[in-house]
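**Q** Which chain is which? The protein sequence lines are U and P, in order. At position 176 of the first sequence the residue is numbered 176 (the numbering used here), and the sequence of numbers has no breaks. At position 161 of the second sequence the residue is numbered 161 (the numbering used here), and the sequence of numbers has no breaks.
These are computed hints drawn from the structure, not numbers from a lab. A few of these clues could be false.
[Said to hold, decoys possible] What follows is a set of in silico ranges between Cβ atoms, one per label pair, in the way DEER data are often shown:
(1) U:137 / P:17: 54 to 60 Å
(2) P:64 / U:101: 40 to 46 Å
(3) U:155 / P:357: 23 to 29 Å
(4) P:21 / U:49: 52 to 58 Å
(5) P:328 / U:225: 29 to 35 Å
(6) U:111 / P:262: 36 to 42 Å
(7) U:113 / P:64: 36 to 42 Å
(8) U:103 / P:211: 34 to 40 Å
(9) U:103 / P:92: 37 to 43 Å
(10) U:118 / P:92: 40 to 46 Å
[Said to hold, decoys possible] Sample of chain U residues facing chain P (criterion: CB under 8 Å; computed from the structure):
(11) 57
(12) 60
(13) 64
(14) 66
(15) 70
(16) 134
(17) 164
(18) 191
(19) 202
Don't be surprised by glycine CBs; every beta carbon is placed ideally from N, CA and C.
Listed below are the residues making up each chain.
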Amino acid sequence: MRNTKTTLIILLGLMLSYSISAQNSGFLNQLRIGFGGGVNSAQIVDLEPYNIYEDLSGDTYLNTYSDIFQNIGNQYFVQIEWFNDYLIVALKPGTYTYRFSKLNELVFSNETVEQETPYLLRYFTVPLEVRYRFDLQRFRPYAGASIAYSNLLGSLDASNQTFISSRFTAGAVAGTYIDLRYVILDLNVGYHMGLHNITNKADRFETGGGETFAQDDIMLNDIQINLSVLFSLSKQKHYSNVECFY
Amino acid sequence: MLNAFINDMSKLLSHITLAGILLLIVTACEINQSDILPEDGFVKIYNHPDEELALYPESVVEMPDGSFIILSAVKDENADIEYPYTSLVRTSSSGVVSWTMDYQWLAPSSQLILQNGTLSFVAMDQQFNAYVVTVDPSSGSETAQQALDITMPLYSYTDEQGNLLVLGYDFITDASWIAKYNSNFQLQQSNRLHVNTDQLAYPIQQHLNKMGQDYPFFIGSYSNSSASGYFVNCFYNYTLRTVFLDGTSLSALGNIYSYQTEEGISSLIQKSGTLFGLTSYYEGNNYIMAGAEVDVLSSENIKDMPAETLYELTYRAAVMPLQLTTDTENFSLFASQTNDNSLVVYQYALESDSLLNTHTRDFDERVEVRDLIQTADQGIAILAGIYTLGKYKRPLLVKMPPGLFVPEED
Chain U
1 MRNTKTTLII LLGLMLSYSI SAQNSGFLNQ LRIGFGGGVN SAQIVDLEPY
51 NIYEDLSGDT YLNTYSDIFQ NIGNQYFVQI EWFNDYLIVA LKPGTYTYRF
101 SKLNELVFSN ETVEQETPYL LRYFTVPLEV RYRFDLQRFR PYAGASIAYS
151 NLLGSLDASN QTFISSRFTA GAVAGTYIDL RYVILDLNVG YHMGLHNITN
201 KADRFETGGG ETFAQDDIML NDIQINLSVL FSLSKQKHYS NVECFY
Chain P
1 MLNAFINDMS KLLSHITLAG ILLLIVTACE INQSDILPED GFVKIYNHPD
51 EELALYPESV VEMPDGSFII LSAVKDENAD IEYPYTSLVR TSSSGVVSWT
101 MDYQWLAPSS QLILQNGTLS FVAMDQQFNA YVVTVDPSSG SETAQQALDI
151 TMPLYSYTDE QGNLLVLGYD FITDASWIAK YNSNFQLQQS NRLHVNTDQL
201 AYPIQQHLNK MGQDYPFFIG SYSNSSASGY FVNCFYNYTL RTVFLDGTSL
251 SALGNIYSYQ TEEGISSLIQ KSGTLFGLTS YYEGNNYIMA GAEVDVLSSE
301 NIKDMPAETL YELTYRAAVM PLQLTTDTEN FSLFASQTND NSLVVYQYAL
351 ESDSLLNTHT RDFDERVEVR DLIQTADQGI AILAGIYTLG KYKRPLLVKM
401 PPGLFVPEED
């Protein structure tokens, strides 16, 4: 954890030093800064189940996760973009919160007990998106790719110990910029795939209660819909279909 | 302008790539985890869907391939016979069930006997006669049975030479009955330790049919300059006491006694020479004497030994001792259960009474420890009973990795 924080500080330091050098080279003219937020829907891929219960009569018990469209989370981020006529590089660091539930079943002859364990995973995430833009004047649709590094934030929920803190994702994004003269809106949809198992294998049984369940090996994918408000640091020249020069 | 942008982008991307590589190096180990295997540590609860069955786990052994076999006594509410029957479960090395098998033999007693690839357990027939029953570990099918010529088996133990020791109870003469057999289960020696009262046959019967107090009967080995042989926790001369027996004649030497049957030693382990570790219970409290000097030739009152109170343990808590032998260091462990539904393992230095570590694992329901073994990877496995949903008693197997007890060097 400490090493990860150190690395994040190094990363931010590099970016800051780069920004300073960019200012010297007039790079600010191609910079947009803003903020945004949105909703996400978490999709859990069960790589390998670990059921704490073994049935002595040979049955197997239900061990699954809630559906993708029941897992509504949210995210809030700062958005920083460098752009030219066609390409945009966007950084969207912020908190990304995912919600989902684990469903377990315990079967007896005269009763079946269903156990639902809710999860809330809040990450500090630094997504990097590279977008190719089509200029349709007021609307400027784009498509691109995304990679992101996430660090799981602390939680009082004991079951969060069953996850490692790091998470890498890659995915595809699409959306459009809407030029509103003084601000630019960025409407963005993305699908992000987890690149690895996020379960802490050494602590998969530290779920807070001993016999409820054991954490499976899982991968966390998500669909995001975001809306950002961006401000250009350069003098605005083109803001509508009707050209208007000052 | 485009060239300037590309140059700036190149710089930015190179910085981000550098930072990304640093991040990858830092997080690679955390993400990789390939060195952590399912069999390193796990928790498994073995549930039977029949609510009318209560499973009382008794003993666990690790097979040479790393799998486990669990012995349980199964009490059926609807059975005509009040004594529990025997059940074996074999699991994989990660605790997944391979097979289960039930047997008509009643009131199986610890411990499972694993010798030369064969597996045996001691249980009794309906007339209280003790038998050693041998099964095929690959399928669980019964392959042989042999009468042990004692009655009411309460505990079985195999020493390092492969001899079988069985503690029984003779309800005709009212005596604890200790018998020693060779590795072919031929009787070598036996001895009766008279209780001098006929008041204990009924508690023994209740102990066997799981309807009364569960007494901490056990057998172990000791060896020092004074004598060598076995210690047996059993009823003797009105009280529950630990009796030190001569290894050949099984005659009683010294003993540690307590107040009638309300007080008792719940576990005992020889650490070295005259240094023993033991636990006891009395008046609702549990006590530990992690490094007590014991003279195996004399009679001692347990109250004369300085003890530390373990307030956290349950009423008359069962305690399972173990000498954990590792490549670097040896420890003495005592596993038990707490009032807040945790399994607890006290890790002591072998040569002293220094408490090195306390390991706990929390559960939502009441747990009762039944067996503790060292696994081949120098970790431990704890067999316990758990009241699933607070109602149904089921076996619980917890495997703990060696890293818990011997910290890995940086």
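**Q** Hints first: check each against the structure and report whether it holds.
**A** Taking the hints in turn, this is what the structure says about them:
1. Evaluation of the 54 to 60 Å hint for residue 137 (chain U) and residue 17 (chain P) yields a failure: the beta carbon distance comes to about 35 Å.
2. Roughly 41 Å separates the CB atoms of residue 64 (chain P) and residue 101 (chain U), a value that falls within the hinted 40 to 46 Å.
3. Between residue 155 (chain U) and residue 357 (chain P) the beta carbons are some 26 Å apart, a value that agrees with the proposed interval 23 to 29 Å.
4. The hinted range of 52 to 58 Å is not satisfied by residue 21 (chain P) and residue 49 (chain U), whose Cβ atoms lie roughly 34 Å apart.
5. Remark: the range hint 29 to 35 Å for residue 328 (chain P) to residue 225 (chain U) is contradicted by a beta-carbon distance near 55 Å.
6. As the Cβ distance of residue 111 (chain U) to residue 262 (chain P) is approximately 39 Å, the hint placing it in 36 to 42 Å holds.
7. Restraint check, residue 113 (chain U) to residue 64 (chain P): a C-beta distance of roughly 37 Å satisfies the suggested window 36 to 42 Å.
8. One distance hint, 34 to 40 Å for the beta-carbon pair residue 103 (chain U) and residue 211 (chain P), holds here, with the actual separation near 38 Å.
9. With their beta carbons about 25 Å apart, residue 103 (chain U) and residue 92 (chain P) fall outside the hinted range of 37 to 43 Å.
10. The hinted range of 40 to 46 Å is not satisfied by residue 118 (chain U) and residue 92 (chain P), whose Cβ atoms lie roughly 31 Å apart.
11. Among the interface hints, the one on residue 57 (chain U) holds; its C-beta lies about 6 Å from the nearest C-beta in chain P, closer than the 8 Å criterion.
12. The criterion of a C-beta within 8 Å of any C-beta in chain P is not met by residue 60 (chain U), whose closest approach is roughly 10 Å, and the hint is violated.
13. Using the Cβ-Cβ criterion of 8 Å, the hint placing residue 64 (chain U) at the interface with chain P is not satisfied: the shortest such distance is roughly 18 Å.
14. Given the 8 Å rule on beta carbons, the hint for residue 66 (chain U) is violated: about 22 Å separates it from the nearest Cβ of chain P.
15. Hint on residue 70 (chain U) is violated. Least Cβ distance to chain P is approximately 25 Å, over the 8 Å limit.
16. Annotation: interface hint on residue 134 (chain U) violated; nearest CB of chain P at approximately 17 Å, more than 8 Å.
17. About 5 Å separates the beta-carbon of residue 164 (chain U) from the nearest beta-carbon of chain P, less than 8 Å, and the hint is met.
18. The closest approach between the C-beta of residue 191 (chain U) and any C-beta of chain P is roughly 21 Å, which is over the 8 Å cut-off, so the hint fails.
19. Residue-level restraint check for residue 202 (chain U) holds (minimum Cβ-Cβ distance to chain P is 5 Å; threshold 8 Å).
Violated hints, in rising order: 1, 4, 5, 9, 10, 12, 13, 14, 15, 16, 18; the structure is consistent with all others.
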